[in-house]
Each structure stands twice: as C-alpha cells, then as structure tokens.
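**Q** Sequence:
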Amino acid sequence: MGEEISDRLYDVMTQQQEEEFFIQSFEEFKFLNYYFQISSDWARGSREMVMVSIIIYHQITPEIEESITSIFRKFAEMMQSNKDIYTGFYINDIKNYDETEKEKIKKNEQLIKDEIRELYWGTIEETRKKLEEQKLTQLENDRYVFESLEEMSKELKIINEEIKSSDSNLKTNLIIKYSISNLKNIIKDLNEGFIEKMTIIDIEEENGLLASNDESEIEIQERKNELLKILKEEVSEEEEEEEKE
1102 MGEEISDRLY
1112 DVMTQQQEEE
1122 FFIQSFEEFK
1132 FLNYYFQISS
1142 DWARGSREMV
1152 MVSIIIYHQI
1162 TPEIEESITS
1172 IFRKFAEMMQ
1182 SNKDIYTGFY
1192 INDIKNYDET
1202 EKEKIKKNEQ
1212 LIKDEIRELY
1222 WGTIEETRKK
1232 LEEQKLTQLE
1242 NDRYVFESLE
1252 EMSKELKIIN
1262 EEIKSSDSNL
1272 KTNLIIKYSI
1282 SNLKNIIKDL
1292 NEGFIEKMTI
1302 IDIEEENGLL
1312 ASNDESEIEI
1322 QERKNELLKI
1332 LKEEVSEEEE
1342 EEEKE
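Start counting the sequence shown at 1102; every next residue gets the next number (my numbering).
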C-alpha cells in the first residue's frame, strides 16, 4: 500500500462514524468502508471500534455497492457474535498477557485474518459476477436490437416488392397495410421496452462502468445509437399523427 493511500485511509479510520456503510471517493480510487463496534473486556468503555475497508480503482454500480454492503454486514455480524474476537486485535501487546490469554490472542488474530481473506475473495467474486450480469444484459439488449432490425428489414422488403409488382391501388393493398402495421408494432415495442434500458446502460458507459476498447463493441454502440435516433423520430411522428386523429 502506497504512502498516499495509507495516509488517506488513516484519515478515514480516525473519523467518528455511526455504524454504517459509507464511501469516500478520491481522484484515483475510492474507499468502501463499513464501521461497527464489538464488545471488549479489555477496551475502555467495553467497546472496540472496527472498520473494514476495501480500496477500488474503478467505478461500480449501486447494485455492486449493495452486494458489498451485504458482505461487510455479514462480516460485522460474525465479529459481533464471537465474544472473544476482540482479543485478536491485541497481538502487538501479547507479551503483557498470561499464557491463557496469549492463546486466545493468537487464535483470534488468525481467525480475523482468515475472515478478512474470505471477505476479500467474496468481494472480488461478487463484483465479477455483477459485472458479468451487466455485460450479459447489454449483449441481450443488443441482440434484441438486431433481431428487431431483421424483422423491420423483412417487412420493408415485402413492402418494396408489393410496390413493384402490384397493379392495384397501394392504399388498399392488404399486404402493405399488414407490413406497415407490423413495422409500427416493432417500433412501439422497441420504444416501450428498449429505449429505457439502453438509456440506463448508456449512463453506465458514460461513467466508465461498462467501458470497453473492443472495436466490435464500439461498432455495436454506434449502430445502437443510430437506431435509437431513428426510433425516437419514428415514434414522435407516430404520436403526432395519433394526436391529429
């Protein structure tokens, strides 16, 4: 741990906080902290103040924050349920205690280390899982876009073929009417079920939550933005026509 991080972490730890989860952000990183108390027969006031912190160097979503909070809370509950756990924090003063107490100190210091290790790996695993879920959501929505584009392309092809081959009045052509109706339904479904989801993902991408340097994903994003622009224009025109009617 660098000196700058150590100094900032010390500043955070020396602040008086209620039992809670809180975040302190800096330019290069952020601290995710959970502050709580445990009972102690050796501390003044019979309470030890404990704070567990994780340093993160990238943006995280509220869902990940919530998951990490849950992991921290379980860690605090474990600590609070062990009436002798406080002894593990006195390892540096172990020479001042008798043999029985020394054994308690060593045992609980190792227990604290093991639990912190579990906390660390649990946080990494939960963060990885949530990021994968977000990525899958993005891919699923992109797939939905392309499937909708294929359906729209089919309907447009049918309309073009009918225009070229039909000898009857195009306004009364049932095939064209049916295809236009299908196109409107596709646009409506995209507008109702997709634009809102894409807006959320776009915000996350702007904040660096789902950033990627993959060229194919950049191309997908550009095509998605173009489609959204077209859809919004189509929906606006459709709404104006409905209002006139």
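No wet-lab data here; the hints were simulated from the structure. Note that the structure is a prediction, hence the values are computed from the model and not measured. Any given hint could be a false lead.
Stated by the list, open to error - Label-pair restraints from in silico Cβ distances:
no. : residue 1 : residue 2 : range
1   : Ile1156   : Lys1255   : 26 to 32 Å
2   : Glu1226   : Asn1283   : 29 to 35 Å
3   : Phe1247   : Arg1174   : 37 to 43 Å
4   : Glu1167   : Gly1146   : 30 to 36 Å
5   : His1159   : Leu1275   : 38 to 44 Å
6   : Phe1127   : Lys1289   : 44 to 50 Å
7   : Ser1140   : Asp1194   : 32 to 38 Å
8   : Asn1283   : Phe1127   : 23 to 29 Å
9   : Phe1130   : Glu1248   : 19 to 25 Å
10  : Lys1230   : Phe1127   : 23 to 29 Å
Stated by the list, open to error - List time: in silico BS3-like cross-link candidates among lysine-lysine, alpha-carbon distance up to 25 Å:
no. : residue 1 : residue 2
11  : Lys1175   : Lys1207
12  : Lys1230   : Lys1255
13  : Lys1236   : Lys1214
C-beta atoms are modelled at their ideal positions from N, C-alpha and C, and glycine is treated no differently.
**Q** Compare the structure with each hint and give your call.
**A** Going through the hints against the structure:
1. Evaluation of the 26 to 32 Å hint for Ile1156 and Lys1255 yields a failure: the beta carbon distance comes to about 52 Å.
2. Separated by about 45 Å at the C-beta atoms, Glu1226 and Asn1283 break the suggested range of 29 to 35 Å.
3. With their beta carbons about 41 Å apart, Phe1247 and Arg1174 fall inside the hinted range of 37 to 43 Å.
4. A C-beta distance of roughly 32 Å is found between Glu1167 and Gly1146, which places it inside the suggested range of 30 to 36 Å.
5. Against the hinted window of 38 to 44 Å, the Cβ-Cβ separation of His1159 and Leu1275 comes to about 56 Å, which falls outside the hint.
6. The supplied range of 44 to 50 Å is met by Phe1127 and Lys1289, whose beta-carbon atoms lie about 46 Å from each other.
7. Range check, Ser1140 to Asp1194: Cβ separation about 18 Å, and the 32 to 38 Å hint is violated.
8. At about 53 Å, the beta-carbon gap between Asn1283 and Phe1127 misses the expected band of 23 to 29 Å.
9. Roughly 40 Å separates the CB atoms of Phe1130 and Glu1248, a value that falls outside the hinted 19 to 25 Å.
10. For Lys1230 paired with Phe1127, a C-beta distance near 26 Å keeps the hint of 23 to 29 Å intact.
11. Taking the CA atoms of Lys1175 and Lys1207, the gap is about 23 Å. The hint holds against a cut of 25 Å.
12. Note on Lys1230 and Lys1255: the hinted pairing is violated, with a Cα-Cα distance of about 37 Å set against a maximum of 25 Å.
13. The suggested pairing of Lys1236 with Lys1214 is violated, with an alpha-carbon distance near 33 Å, which exceeds 25 Å.
In this structure, the earlier hints numbered 1, 2, 5, 7, 8, 9, 12 and 13 are contradicted, and the remaining ones agree with it.
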